[in-house]
Each structure stands twice: as C-alpha cells, then as structure tokens.
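J.: Chain A is already provided as a structure; the job is to place chains B, C and D with the ligands on it using the hints.
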Amino acid sequence: MAAKTRTRTAEVQAFPGDEPQDDLRGYYRDMSFVRAFELRSGEMYARAKIGGYCHLNLGEEATVVGLMAAIQKQDYLFTGYRDHGYALMRDLEPGRVMAELFGRSTGVSGGRGGSMHMYDHEARLFGGYGIVGGQIPPATGVALALKMKETAGPDAAAVMCLLGDGTVNIGAFHESLNLAGLWNLPIVYVIVNNGLGMGTTVEKASAEPDLYKRGASYRIPGVRVDGDDVLAVRDAARTALEQARTLRQPVLLELMCYRLKGHSVVDPARYRSAEDTTIAQKSDPVPVFRAQLIAAGVLDEAAADAIDAAADEQVTAAVDFADASPEPHPDDLFAYVYATPVANAPAELPGDPVMDAL
Amino acid sequence: MAAKTRTRTAEVQAFPGDEPQDDLRGYYRDMSFVRAFELRSGEMYARAKIGGYCHLNLGEEATVVGLMAAIQKQDYLFTGYRDHGYALMRDLEPGRVMAELFGRSTGVSGGRGGSMHMYDHEARLFGGYGIVGGQIPPATGVALALKMKETAGPDAAAVMCLLGDGTVNIGAFHESLNLAGLWNLPIVYVIVNNGLGMGTTVEKASAEPDLYKRGASYRIPGVRVDGDDVLAVRDAARTALEQARTLRQPVLLELMCYRLKGHSVVDPARYRSAEDTTIAQKSDPVPVFRAQLIAAGVLDEAAADAIDAAADEQVTAAVDFADASPEPHPDDLFAYVYATPVANAPAELPGDPVMDAL
Amino acid sequence: MTPKSTSEASLEAAPVDDGPATRVITYRQALNETLRAELLHDDNVFLIGEEIGVFEGSYKITAGLLTEFGPDRVVDAPIAEEGFVGAALGAAMIGMRPVVEIMTINFSLIAIDQIVNHAAKMRSMFGGQVSVPMVIRMPGGGGQQLAATHSQNLEVWFAHIPGLKVLAPSTPADAKALLTAAIRDDDPVIFIENLSLYSSKGEVPDGEQIAEIGKAAVVKEGTDLTIVSYSRGTTTALEVAHQLTAEGLSIEVVDLRSLRPLDRETICASVRKTGRAVVFEDDWLSYGIGAEISATIGEGVFDFLDAPVRRVAAAEVPLPYAKALELAALPHAAELAKVVREVLNIAPLDKLDK
Amino acid sequence: MTPKSTSEASLEAAPVDDGPATRVITYRQALNETLRAELLHDDNVFLIGEEIGVFEGSYKITAGLLTEFGPDRVVDAPIAEEGFVGAALGAAMIGMRPVVEIMTINFSLIAIDQIVNHAAKMRSMFGGQVSVPMVIRMPGGGGQQLAATHSQNLEVWFAHIPGLKVLAPSTPADAKALLTAAIRDDDPVIFIENLSLYSSKGEVPDGEQIAEIGKAAVVKEGTDLTIVSYSRGTTTALEVAHQLTAEGLSIEVVDLRSLRPLDRETICASVRKTGRAVVFEDDWLSYGIGAEISATIGEGVFDFLDAPVRRVAAAEVPLPYAKALELAALPHAAELAKVVREVLNIAPLDKLDK
Ligand SMILES: Cc1ncc(C[n+]2csc(CCOP(=O)(O)OP(=O)(O)O)c2C)c(N)n1
Ligand SMILES: Cc1ncc(C[n+]2csc(CCOP(=O)(O)OP(=O)(O)O)c2C)c(N)n1
Ligand SMILES: [Mg+2]
Ligand SMILES: [Mg+2]
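These protein sequence lines are chains A, B, C and D, in that order.
Using our numbering, you'd call the opening residue of the first sequence number 8 and step up by one each time.
Using our numbering, you'd call the opening residue of the second sequence number 8 and step up by one each time.
Using our numbering, you'd call the opening residue of the third sequence number 3 and step up by one each time.
Using our numbering, you'd call the opening residue of the fourth sequence number 3 and step up by one each time.
Calculated directly from the structure, the hints in this document are not laboratory data.
This one's a predicted model, so the numbers in the text were calculated from it and none came from an experiment.
One or more of the hints may lead you astray.
Said to hold, decoys possible - Here's a subset of chain B near chain C, in silico, CB distances under 7 Å, partners left out:
id	residue
1	138
2	178
3	205
4	278
Glycine included, C-beta positions come from ideal geometry on N, C-alpha and C.
Extracted from the complex, chain A is given alone in its bound form:
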C-alpha cells in the first residue's frame, strides 16, 4: 500500500494551546475505550459468544472518536458494517452494543442485526449496513427529506455517511453523490480510507487512488485528512458538517488511517506486506496519542493507565450485561416483518402446512 500518500504523525507533537486539556483527556478515554471494546469483541468471538461476521475498528480509533466528537445530536449517522466504535461513541449503552454482538434481546437491534447492523433510532444511528455501498442511497435520502422538511441553518440537522475506501467503486456511490451535488443536500460523505478492502489495496481498486478527488465529478468539494489525528479529523468533520447544515453543500471527506488487524476477526491477513503491517503498527493512534498527551503533560503514565483500566472495567461490565441477557424468543420470530399488519401475512414455521384445512 502506498505509504507515500499518507502523512504520518507518529512523532510527539505539542498541542495548540487553546485545546482544553479535559477534551484531550476525553478523547483519549474514548479511544482507549473503543480499543478495549474491540479487543474484547475479538476474544468473545474466539469464545463463540459472537457469531457471523465481526469487523473491528482496531486502528481506526482516532477516526471514530474525531468524527463522533464533531457530529451533533440532531445529525443522522449511517455506517457500513464496521460499526461498533460508532455505536459506542453515539452514546449507545456499551452493554446493549455487546448484547447485540451476543445476539441477545437487550441488544441495540434486539439481537436481530448482530455486529454489522447496529441501530438506534433515537440516537439517530441509522445503521449498520452489510452490503457494500448500500448505506449511501438511504443516507442521501435522509438528506433529501431534511431539505424538504427543514430550513438550512446552524442548528439544522445534517447527515454523515461513512464508507470504506473499497466502497467508492460501486455504482451506488456515483448515483448518490450525483443526487447530493445536483440537489444540494446536507450530507457529508466520509471515506474511512484504511488502505484496504479485504485484501485489495486502494491502488488496485481505484483508477484514481486519491479518493477525495472523486467529488469533482459532482461538484462536491473533497478534503483529505490524516485519520490518525483525532483533532484534525474532528475539525475537518465539523467544518464539513457546518457547510452541509448551513449551506446545503455536500462534502466528501477522506480520512487516511490503517486497519490494524485482518478484515474481520477470522482473517489472519497473510496477504499483507510486512512493510504495511509495520507502518500500521507504528502509527497506531492509541499509543501515539497517549504518548503525545504524556509528552505534552496532559497525562502522566499513572493517569493514562487508570484510563485504560477504567475502559477495561467498562467493557467487562458490558460483557456481563450481555451474558446475563436473554436470547430473543422464537415466538417473536415474525414480530417485525411488517409495521402495518395485513391479512394473510405468512407466519408459518418450517414444516407447517401453508394453511389450515378448510
């Protein structure tokens, strides 16, 4: 993967003085928490508490926390299947997120969605989608509805739609961005560019590997930012959301980061070059940010350790909650197929006759 296209910030930096230390500590607390949650998710998968596909945000913590620091309560969030961290940062209860992974009825989606399909209507986390690019048209549609229902302004709602670097080559991306550009919709498309789509590098997938440039085809401004820099991500996302809510100007934001492990928990990622793995580890945003904060005197080792320990405890509590939660009951199998009940809706179990004898 072309490391050259990425600007690294591994070396310790001083922070702009105007950055409140509490915020900085808060960001580290969040990053440490996402990290702990994802590492535990991996363990729980290994212990068969979690099934199906399970994709982690490991290595993307700065991107996750920076974006969620910028998004506002009234905004709508759409993501792909790599969604645990976003669910946590949108303030969904960790226990309910873990319960979703465990497939329990207390899960955020009632245990029906699992890892790929976290959803919370109230919190405006609008899912969690598993079909690559599938979230982009509905996200664009929410922005269309917002334009129809609300007036633009500093307090107006906007949509943030996350997608991966491999997702930009699917037709839905093109069709949706054209609509957003054509109709001036309040939406920010965020490409979380972790350099890989499963085993495929950006350069092997995209004829124009500078993905932010693709906005030009729709007169949508494109911005590339270091996704390992939580403050840079936050600021870029804030500016983009601002343009969306006040000017109805869609924006394409590209965040450069790394996927620390395999595509999903079962992928050993043998295809990955040693160089790439080294860079990924070198630029791991969690230890890097921790070191930056300590060097800047915002944290000391003890305080940082305390934060990490607290994160771990929180995750343990989440696991305990999930473990103690009941599985959904088969009697509720058909509960959510339709919102409006209608005559003759099928509700047979396998082996049932198609109808009662007349």
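T.: Just chains B, C and D with the ligands, lined up with the frame of chain A:
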C-alpha cells in the same frame, strides 16, 4: 438547455485545403442518407410498419458519420437504442436494417430485436441496447478480452462505446470507467450529448454538467468536441481510438449536438423550450454542412440535390426489401434461447401442458 | 391528517354506507387522481421518479401534478434507479411517504438491491425500530413489441420476499383503492401496473376508497371451474369466463389483487367449490406466480380436486420484437379457453379459440 | 484443445469404461481442482471476482490459482459487481470463457441487470448471432448467523429466467462434473453453491468428468414417499431418508441438480411410483423452488398422488442474527421427518424430531 456550453458553427467556413473533396462529398452523402432513412422510419412508424419504441438519430448525423468515419473494421462498436444511423454507417445493408425495424426475418437481428437492438457480429456492431447504461459493462469487457488476447499497436482492435448524456449518472458508467482506467483498457467512451434525456436537460441530471470532466475520477482524459462538425468529430474520434489501440489509454469523448425531434417518434416534445428548438434547428448539421460545401465550391445545388435524391431512392429500395421480406415463423420461437442444447429445455407454447403424460 | 384544501372535501363527500357515486374512468386516470388525492391528503407524501414532472410521466400517469404541486412534491430524478429508489427509502426512514415511479419493472433490476436487501430488510434487521412507508409503482407486461428487455413480468421475484407487500390491481377501481391503501401503509409496497391496462376503463367510486391489503376477490361466481389470475390477466380471464357462459359453462374467476400476502383461503375456497382450476398469468411458466397458486391448491384442497391444476403462461423465451413471434409467445384468451375446456374434458365447440 | 501441461494428462488418465479411481475430498476442493483443470484445459477460461486472487477467495475456493496462473487468468476485481460481471459478459461475447465468482448470492442483486437483462437476453435478442459462454459461481444459504442481507437463497429468481441455465450441485462429485459442464457450455450458467456445503466431503472420481446439464438424479431409491431437494437440502433429505429406513420406511430422494432446465420427468416418474412427495428447500416457502416442484407433480402425476404434496421451507422472515431465531426460521431434519410422517399418516415414533 445551456446553449452557452455549446460552440456553434452554423456560419459557413472554408475547409482545410488538405481535406479531399471526395471525402467531404462522401460525408455529406452519408449524412443525407442517415437523414433520409430516419425520416422514412418515422413515416413507417406512423403507418404501423414499425412498432414498439423507435428512437431516431435526427440532428445527430454529423456525430454518427464522423464517428463511423473514424472507427476501423477491426474495432468493436456498442451503442444505446438510438442506433439506426450507426448500423447503416457500419455498412449493414439498409434493407436489412429497415427489415429489422419491420420485424422481418431478413432483419439484421432476425426481427427479434427491432429498432433498439441492431446487431451484426461480422461487422462488429455489438448492439443496440435498451437498458440505459447496459452496454457499458459488456463494452468494457470486450476491451478487457482484447487486452488479454492481443498486443497493443496501430493495427490492434479497440472498442467504441456510445452513450447518451442522460446515461452518465447510472452506476454502470462509474463501475465500468473505473475498470477501464484501472486496467488500461483499449476503449473509447463516447457521450453523445444531445442535451436531453427524454425531457430532462443535462443541467437537471448531472451535478457536473461538463460531462467530459467526469473522466478525471478514473484518470481517463476527457475531450469535448462540437458534435455538429463532422470533421471535428472524426478527428477527435481517430485520435482517441489511436490512444486506445496503441497506448491502451481509455478516453472519454463528449460530442455536443442536438436532438432535432422528440425522444422517440411518438414524443411531441412539448416540454421543450422554444429557444432550444430554434437553436437545434438553426444548427441542424445536414443543411449546415450542405451550405458549407456549396459555399466552399465542393458541391453545387444540383449536385447536392442529386445526392439527396439518391439517398431517398436507396431508402425506398430498403423499404421495398423490408416489405417483401417474410415475418419470422412461430415454429422458430425457441430457436435462439440456448446455444448449447440441453435436456428438458422448456419449449411449450402458452396453454401446453408442462410435460407429456407419463 | 386534516384536509389540506377544499378540493379534498369533495374527495370525502360521498358517505360510505349508501354506496358512493361512481364514474367510468381509465386505469391511468384512476392512478393519477389517487396520487393527486394523496398529495393533498398528506404533506409527507411526495412523488419521485424519472420524467414524472416536466415530461408528465413516460405513460402520463403523473400528468399535471408537477404544475399543481411543484418540484418539491413531484421530483424528477436523473437516470439512477439505485440512487433515487434508495433515496426514497431514506426519506421514508424519517417519516416521509415517497411514492416512487420506476418507468417499467424491467429497470427495477438496477434498484433491486435497495428494494430487497434494504427496504425489505430494515425493519426486521433493526429490531422494529424503523418502518419504511414507501410505495414503488411500476408497470410490467409485454405485447407492445418492446422486445426482450422491456417486456418482462418479474412480479414473482418481489412476491417471494418477506418484508415486501406486492399488489397487482386489475381494474381502475382497485387501482384507486389499492394505491390509496399502499400509500397509507407503513411498509414498502411494490405496486405492479401493466402497460396494457392503462387505457382500460371501469367504474370507480368517488371519494376516499381504501382497499384491504392481502385479500383476493371472487370477481365472477361460477360452479364448474375456477380461473385464478391477476392484473391484466384477470381481464382476459373474465372475457373467457363470459364467452364460455354462452356455452353453458359456469366459470368462477378469482382476482388475486395481492400477490404478497397471498390470500390462499379465497383461492382454495373457490376451488373446493368448483373442483377444478386453471391459472392464467403473463409471466413465464416455470417458477412463475402460477406455480405457487397451483401448489397452494394442491396442498390446500387436495381432496376436492377433480382434475390437475393447469397453468396458462408465457412461452419461456426472451420476448422477441417481431409481432408474429410476440403473439405466439404470450398467453391469450384462445389458449385459456382451450385449457379450460381440456380441464373440463370438453371438445372445442367453435373455432374462436383455434 | 490440446493438453497444456503434464498435470492435465493425469486428469485424463482414468479411462471412462472401467470406473475411474476416486478420492474423498471436500466440495471446496472439488471446485478448486475443477477450476484449475479448466484453466489448464482452455486458454480462453479465466476467473474474475472480488478477492479471488491475493485473498484466495472469501471462502478459499480459488486458493493457489493466482500463484499458478497469474493475474491475467485470475483477475481480482474492485467492488463493482455490475461492472465486472458485465465485463465478463463482454469478454464472453468474443470467445473468452469467464468464470465469475460473486462472493455470495446476496451481492448478485447489484449485478442482476447484467445477468438477466443482458447475459440471458443477448443471444435471442440478436437473432442467435452471439453466444455467452460464461459461468457465474456464487454461494447462497443461511445458518451462519450472517443476518438478513447475507443469508439468502434467491436461486428461484434465476431459475425463472429463459436464457439462463441454473445448477445447484449437492455433492463434491456433482460440483466437479457440473462445474466442468457449465464451463464447457456456451450459455450463461448460474452455478449455485452453499456456504454450509463447502467443507462437506464425498467421493470424487479422478479425471475429466462432465455431467449432463438438465438432469435430476434419484440419489436414494424408495417406494413409500419421494423427497425432492437440491444443494444443501439434499444432504438433509438423505439423512432423514436413512433415519426413517431404520423405522421401516422406504423413502426415495430426488436431487434436482439442475433448477433450469428442470427435469420434470425424473421428479414425476419417482412420485408416480411412490404416490407421495415432500419438497425440502432452504428458500422461503411462498413462490420458492418448491412451488414449481409441487405444481409440476400436481399436474404431471395427478392420478398417482395419494396425498397432498407438502413443502418444508424457511420461515418467511428476513433471517435474524440471533442463533435461537435463526434456528427457528430455517428448515432442519426434524421438520422434514415430521412432515414426511404426516404425509404418510404416521405418528412420531421418537423424540428425535420434536
Ligand atoms: C456489494 C457487496 N460486495 C461485496 C461484499 C463483500 N465485502 C464485504 S466488506 C468488503 C470490503 C470493503 O472494503 P472497504 O470499503 O475498504 O471497507 P473496510 O472493510 O476497509 O472498512 C467486501 C468486498 C459486500 N459485503 N457487498
Ligand atoms: C435503466 C433505465 N432507466 C430508464 C430507462 C428509460 N429511458 C430510455 S431512454 C432514456 C433517456 C436517455 O437519455 P440519454 O442518455 O441522453 O440518451 P438519448 O435518448 O438522448 O440518446 C430513459 C430515461 C431505460 N431504458 N433504462
Ligand atoms: Mg478499507
Ligand atoms: Mg441525450
């Protein structure tokens, strides 16, 4: 429609001295012929000799003739459903093209395709497609196969894939151009920009209405040319095909022209602005080119009239041939469903039992 | 919702009990009036599709609506089915009630990932937190010499999918009452129209009419044999049923109206009475709508069946353009009458159906 | 084609008459070896799909092939199903023989316009001038807790489409012989695999094996009742059939192998003998594969049927992630055994199927 984005050449011009007069007369002959054929197609539709959908190249004659002057025998041509002129200019017998419109067995597609689906494998006219954008992936695939089978060079084959201005917003356009750019395929995508997709202007359909610029998302060079100028079209297409066959450099060519009549023969186009209609008529490439040739002394009125009359006779002969041709026989209904016959392939007519009694 | 304009009042004028006044209008007109009435009835309703505004619809179903309601309620979309169908879905997630027109069912293939993998799945997948009140209108059908890619009947695909509701009205009155029901329903509804029905006429009651989704209708009573059909097919079924009445046969016709949910009770009750059934469908025979109808009858009223259930469907070919081939490939009254007689073991009485 | 390498010789070593030697290998291995053999057999064959090269396939079906044949024969495509499936189609138009892998059948919806409106139509629509020798391999199936959008069985959609051939092998041997036949066939072939079959094992004959497309197989003989199934379902059908043998029941099992064309003769011949039939399928009941099988039996051998044809299929819900719900929604041996007994009017003898 934004006339400003279009450079008109209505006023008479001198020609580059190196342009052989026979070629110029030949181009006029071709344009006159396509015009005559299309006008007659309209009449034949009104007389119910032609059914279904019927889309004409009226107003696009300079584009059709210029492109077909540039394409070489070894090249492959894919088009949308507005394909009559291309079939004629790829040297398919006019009688067999008209017979296809009439749905006769002597038609180029055996009467099975009709107006939208002209095909001739030998002539490498690879269709004639009715699903907007549907031709783009297969055209790209022929280019992929060419890259696998042949070496690049001045005599190598290339693919020309035509599409309309309204077609650039469909996902297949995006997915295909990315493949062509990524894999360096020998293909020229030609946007025949007649300003309208049915009743929708380019500006109402495309967030970036300068369509040739969309190549940039795939590192494919984009070129815009006056589609009413047969020589400009020919030269631009030659250069583009040259790049494709020798350098495996895909190109996106945008030709600016006008649709003289409705979307299809049954569309009165009431939605069209008077201004737009006037511009379209003022820049009608057939009379304009005729006037240019006469002014340049390449033709005189009499010679031009003779060419138009000859074109008309040819079309009459085509109609007579089509009229005299037989309809396909119902016994052949299942003839082409499969290339490799297999057991139990269905061949029942409506009302037949699903199988012979055991 | 409270009435938005005086014109709506008239829509609700006729009291339900002593049957409302009726007018004879086309299927097209019934759709157009219903869309207008629903746009007036609920501010959350909007129309979106290709060429539905300036062009007034490829088949003129939306004529006049852009002028009356403006571009925010009648949205002309670029040619991007996956994009604008998905956008309608998103709008529905926050309470809008989009009515999408896909120009023909053939083009729905480009949007089908949004319809089947998203619209149909969301409510269940997200534990019932969101509903998707959207309608997708699209005509299917052959017989217009539109050739292989523009003449399909793929309703069986949608009818197979849990989470979707699939309606296929055969009359202007049902077009009105079922479309109203579809727009008021909180789930994604696939509303199947047919090119050859748009100009057909029928009596349509004035005022608000809301059909019950999931119910078939016995549109002609009879005792000898049941013809089951839907959409355009029902008009042919009735034509044949009446033609055979003249020959002393008593044919019952069941119009499915809803393909999903499927009203198995009404179908089986009819066949239990008649003992014989023929399905008439415009789609391809193998794995078509008729397969489920035949299987349902075979399972539901096995003991009452006096003869095999037969299906009259389209020949299994990509539909050719040439008229002679198109005629040969599509099912018509003659074939239906022939099969009805075969099931009743009656020799043809006339040449009409030869 | 002339042999391309010595390794091919071994593939053709075993003479056909005195049965070739066999090995017990997995369904996955059988597919992998067959793809390798066909790449060696014909230079026009190439593989294309997402993650089939560097990643060696999402389910490792193509392991080792990129290394052996290089990037021109094993093409890793971007995530653009409509684009690369259509590109494979174009390559086939000029004589290449692409074998496409769509990672799972759920993603084929994005490419379905190219498959159904293009690959399936071209030959007929263009008057027989072009053929499309392409294979599209894709696994379907639930049971892996992949939730609603990654667990579907949509083979019935493809089985409905003229111009396509649709195969669904249930054993490693059939996987080999049918895939070879599919690649040698000059039409677009949809090759349905199943996630839960990949690691299943079976005897596979060495050497070139080419099955006949369009034929079902009686994989177990019996006299009391016929179970009709395909793909993964056949393994459950055989399991239940053997289990019931212990109870003195004689169950025949028909494995469809080809969904299109459908071998109605073999199905009906079996039911004519047994007089009873149950269809076991992994897809949703309404309008599923079983509907056509049941309708075919009802029409084909009506006079020989002693009981209604029953279908055991999946519950009609978007498949939930939670294990308990997934188990409840999918059809298993217990339900099949229960229904077989019901059709035979036998009270359950044991608790196995409760
Ligand atoms: C339409 C579709 N095609 C293929 C897949 C299989 N798939 C799942 S994730 C993935 C890679 C996506 O990569 P990227 O967009 O970079 O997201 P990341 O996994 O890196 O977060 C693929 C090919 C899918 N889920 N949907
Ligand atoms: C996928 C799809 N959507 C919609 C249509 C209906 N349709 C046919 S032609 C057309 C307009 C195309 O315009 P353009 O690409 O500019 O080509 P032109 O007709 O101007 O040559 C539309 C919307 C279709 N055939 N296919
Ligand atoms: Mg990625
Ligand atoms: Mg146009």
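J.: For each hint, tell me whether it holds in the structure or not.
T.: Structure-based check of each hint:
| no. | hint | verdict |
| --- | --- | --- |
| 1 | 138 | holds, 6 Å |
| 2 | 178 | holds, 6 Å |
| 3 | 205 | holds, 5 Å |
| 4 | 278 | holds, 5 Å |
Checked against the numbered hints above, the structure breaks none of them.
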